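Student: What follows is the residue order along each chain.
4 protein chains.
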Amino acid sequence: MADASKTKIGWVGIGRMGYAMAERLAKGGADLTVWNRTRAKAEPLAALGAKVARELTELAACDIVYVMVSTWDDVREVIAGPQGLLSGSRSPKLVVECSSISLEGSAELRGLLGARGVQMLAAPVSGNAKVIKAGRLSFVCSGPSAAFEAALPSLRLIAPAASYVGEGELSRIVKICHNVFLGVVTQSLAEITILAQKAGVPRHAFLEFMNQSVMGSTFSRYKTPAFVNLDFKVTFTPHLLRKDLDLGLDAGRRFEVPMPLASLTRDIVQTMIGRGMTEEDFAKLLVLQAEASGLTLEAENVPVSDGLS
Amino acid sequence: MADASKTKIGWVGIGRMGYAMAERLAKGGADLTVWNRTRAKAEPLAALGAKVARELTELAACDIVYVMVSTWDDVREVIAGPQGLLSGSRSPKLVVECSSISLEGSAELRGLLGARGVQMLAAPVSGNAKVIKAGRLSFVCSGPSAAFEAALPSLRLIAPAASYVGEGELSRIVKICHNVFLGVVTQSLAEITILAQKAGVPRHAFLEFMNQSVMGSTFSRYKTPAFVNLDFKVTFTPHLLRKDLDLGLDAGRRFEVPMPLASLTRDIVQTMIGRGMTEEDFAKLLVLQAEASGLTLEAENVPVSDGLS
Amino acid sequence: MADASKTKIGWVGIGRMGYAMAERLAKGGADLTVWNRTRAKAEPLAALGAKVARELTELAACDIVYVMVSTWDDVREVIAGPQGLLSGSRSPKLVVECSSISLEGSAELRGLLGARGVQMLAAPVSGNAKVIKAGRLSFVCSGPSAAFEAALPSLRLIAPAASYVGEGELSRIVKICHNVFLGVVTQSLAEITILAQKAGVPRHAFLEFMNQSVMGSTFSRYKTPAFVNLDFKVTFTPHLLRKDLDLGLDAGRRFEVPMPLASLTRDIVQTMIGRGMTEEDFAKLLVLQAEASGLTLEAENVPVSDGLS
Amino acid sequence: MADASKTKIGWVGIGRMGYAMAERLAKGGADLTVWNRTRAKAEPLAALGAKVARELTELAACDIVYVMVSTWDDVREVIAGPQGLLSGSRSPKLVVECSSISLEGSAELRGLLGARGVQMLAAPVSGNAKVIKAGRLSFVCSGPSAAFEAALPSLRLIAPAASYVGEGELSRIVKICHNVFLGVVTQSLAEITILAQKAGVPRHAFLEFMNQSVMGSTFSRYKTPAFVNLDFKVTFTPHLLRKDLDLGLDAGRRFEVPMPLASLTRDIVQTMIGRGMTEEDFAKLLVLQAEASGLTLEAENVPVSDGLS
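Residue numbers (the numbering used here), protein chains in the order written: chain A, 1 to 309; chain B, 1 to 309; chain C, 1 to 309; chain D, 1 to 309.
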């Protein structure tokens, strides 16, 4: 396994997630060059030793280039656009693509890179910016196993856990499964939290127990403040959750796997959207559940831990 | 808070769970007297310093008596039966009842004890014997808050986490909610695990990632060997899970809380039972899901961690 | 088979349903004596040749007494109360009980009657007052087959169809199944009607086709005015539908039959109740469905047939 | 409205459905020319006065040409293929397309026809060959309202009911809604039939009542022999039902209409397919339901009416 500190690493995309990930690389001592459309957002990383590039082509000399942007259009632009990573004569050995893109986009990207002799690791993640900062991110990776081995030292600087699940775009399916599960788990938590509340148990007491129980997860813990104090500042919108549930159901059709809990959760998320709850966090499933139970929710105003900070 | 080592503690019920719990008390230095219907099962605890009682009445001199038996009938027998804990002239100050009994049974027990001036803490748990041994058990408690305070030092010797959720039998509702969630989570895991497998991801690789992800839980980790290697030695039967789902749905009716994911999971567990999968662990939901997907499962024969040992 | 015109028939209960049923008997030439708590409601039947009794005991001389009241408490009162049908020395040969009561109530009633040597036919119906007037009612009957044969001539005067399904209280289960189906069918009609509307098809055009299609039923036709013109004057409340769905699910538990569509419909009806739609007809499931689809419904104000008048 | 007997009508497709429809036109006195790929299948219609064409182009001189073939590929071939209806210099005024094709296919066909100045009526049907013969078919039509008016006299010779639901391909959506409903209704009937059976009511007695009740439909009646005597000779395969449910769910996504009962029924049909029940009629949902209820079904061997013959 290569020494991460001698590998030249490029980073494309300094949004909330990208910043936190690149920051961990920089703090971990990586030889890092970053690029962001809005260059100013990348500047703070210079204080941690990172170089800040003006052009994407400057990253082409790196061994490994990580990409963490928003959409498939953004990914294509930064890789294969007129000023993209591949627009000069050089190209890196390996691209690690971490954005949430579809199987089809991922396969197209692999083709574009392969035509230039660049290997690709599809590497979506589980977690948000706070999870990254808390050192609790996890990667799920697919592509050539050699590419995974090559990336592992730098992946480990970013996250304690990186799983390799196989060739091609398999990690994209796994990420979709993960998000389907996230939707089902949230709806089920909403059902039982409202039941416990109507029976007389305050939400903070109920969730404290659930979080400590064998069923507790990093996720259940970091959603607890939203459920207890009704802070629904968006981390993931109902529309995005519906999209991922639909991707899961599409995969279920293709592979002939019935997914009744996923289907039903999908319809509940659609109901939430139909009822106009579109601009806040999908955790407002709790509010939908309360309404269906004849209950008007109020914030409990109890300080609760998110398990991260 | 009282010093656990000076409090005299009685323990009734040395089954798989009860043994593991009492063993932690003994190893933690508690002044412990245990009783079990089959006395021989309790003997090994003597080597750890516990006294082994011949009669339940011997425990009446304790400050706190824990009860961990199987059914409500057993609970009533050991407390209020002809040779029960209360059959002599003395009685303990507090009974901590940890068995999985109904709200109605719990309330009746509180009445029986109250008539003799004994306080009661309803204290069901989250976890199995392996979880206890690994020091990961959690209690959810209800009853007088003073009773919770009094029990806390000894609860902490058994489990790192003990939540207090309120008066009366509220902890029974919370335990039911916990088990409803456990059913939904298992069915959802079955759906996505089979989807991932049909897409090409081995179950062990898929679950390794899920367990490391923000969605991973102690539960998902200790069910992983069953899902990967198809070891369905029973820990919790489909009939018991159906019973708890029905208790959850009954509570949903009473408190007018619709629980669509719980309802659907309940019907899937019934389907499992109707198809004759009754004698093995409820984790066979994975097999039911595979059949519905036209897939014959085979053990992967990959050593995987259960996260406990 | 006996001649209906020579059989002396008693009728208890002149509500909306009872009036319409008794009216058909009277118009059919039956030798009819009616009783109602509020006697005035029964008077119009005198003009059709019926006798109006002052006391329930006057009906004890009849061969067959029909009962059509509201609740099990009402049934018990009119049969076995201090001034009830059995409070004198005589008793009829046969009671035909048509109210919507539970299996348990039905069995208890059979016991009360049997102790006095009175046979009982449990005979709930499918249809409302308009259906009766249109000559489209149907009975489902259980009890001794001889009782069914004896009642058949008079049943036929009331309704064109009377099915015999077996001994005891089996007809009560069948009625529950019927109402479970009614709930599921209404929810499914709500789903597809809103889908068709959002795609551009007016509700009256959509339902005209559905009613004419092989899927059309007397029920789908008589609910059409409600769906098209949003007239939700109550015929059957959400609470009553929820009760029957719960009875169906209870039977499903007892006989170990999973009923996923019934379960889900039940939870949707609960949601409707939780959202406060309790005082109008259960056909407001259409409104709930529209809201979940981001659609505000307006009456189409198109005259549509209910298929009855 | 034109006189159907003076309008020259062409018919393409003499399968089971097509034969029964064309036969009604011929018996009704229409001036009819038929074409079928296998000419022999059309010959019997000559005895009823129909002309049998050798080439599709012979039908181009007709006023109205009906098309009733299997798939979109067949439709395109017979209309726009090298030997298709439009392959000569003439073309009919109106094509009435009755096959079960998608919205997209329907729109493409309308374009192909429009380019040659031919109007099109999209006219899928509700019913099978036996329904047609029994004179109980219904059409749902969309396209120019003038085209509907022009076709009405001949539509009425085939079927008593023809609904017009609007412009374009709206009738395709309505047909999809119809089939979604058919799936949900069948699953719900399966649930309650098995519940009634396990409670002690024979299936034939249960369904006799349901068919006579306000919930009974032409469909419930003609599925009764399958449910009672387990004759699952295919009329509609599980794969075709799944396809239509998926089309319904796709439309639900597009128009943002959650369809929980349709989703769940879809997953149950998938389960049926996964379990290998693919070659018989979708009414085998009854068998799936019985298995989930721990019941082995046996034919009742009771003659029951299908309500048609």
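The reader is advised that the hints may include incorrect statements.
Intra- or inter-copy, both count: the list cannot distinguish identical chains.
To be verified - Taking lysine to any residue and the SDA-like style, the derived pairs with C-alpha atoms no more than 20 Å apart in a straight line are:
| no. | residue 1 | residue 2 |
| --- | --- | --- |
| 1 | Lys243 | Phe255 |
| 2 | Lys27 | Ala115 |
| 3 | Lys233 | Ala107 |
| 4 | Lys198 | Phe255 |
| 5 | Lys198 | Asp250 |
| 6 | Lys243 | Arg253 |
Everything labelled a hint here was simulated from the structure, so no lab data went into it. Quick caveat: nothing in here was measured; it's all calculated off a predicted structure.
Student: Does each hint fit the structure? Answer for all of them.
Tutor: Against the structure, the hints:
In this homomeric assembly, Lys243 and Phe255 come within 20 Å of each other (Cα to Cα) both inside a single copy, at 18 Å, and across copies, at 14 Å. When the C-alpha separation of Lys27 and Ala115 is checked against a cutoff of 20 Å, the pair qualifies neither within a copy, at 34 Å, nor between copies, at 65 Å. For the homomeric pair Lys233 and Ala107, neither the shortest alpha-carbon distance inside one copy (34 Å) nor that between copies (41 Å) is at most 20 Å. For the homomeric pair Lys198 and Phe255, the shortest alpha-carbon distance between copies (6 Å) is at most 20 Å, but the shortest distance inside one copy (40 Å) is not.
In the homo-oligomer, the alpha carbons of Lys198 and Asp250 lie at most 20 Å apart only across protomers (13 Å), although the nearest pairing inside one protomer, at 36 Å, exceeds that limit. In this assembly of identical chains, Lys243 and Arg253 lie within 20 Å of each other by CA distance both inside one copy and across copies; the values are 15 Å within and 10 Å between.
This entry does not satisfy hints 2 and 3, going by the numbered hints stated previously.
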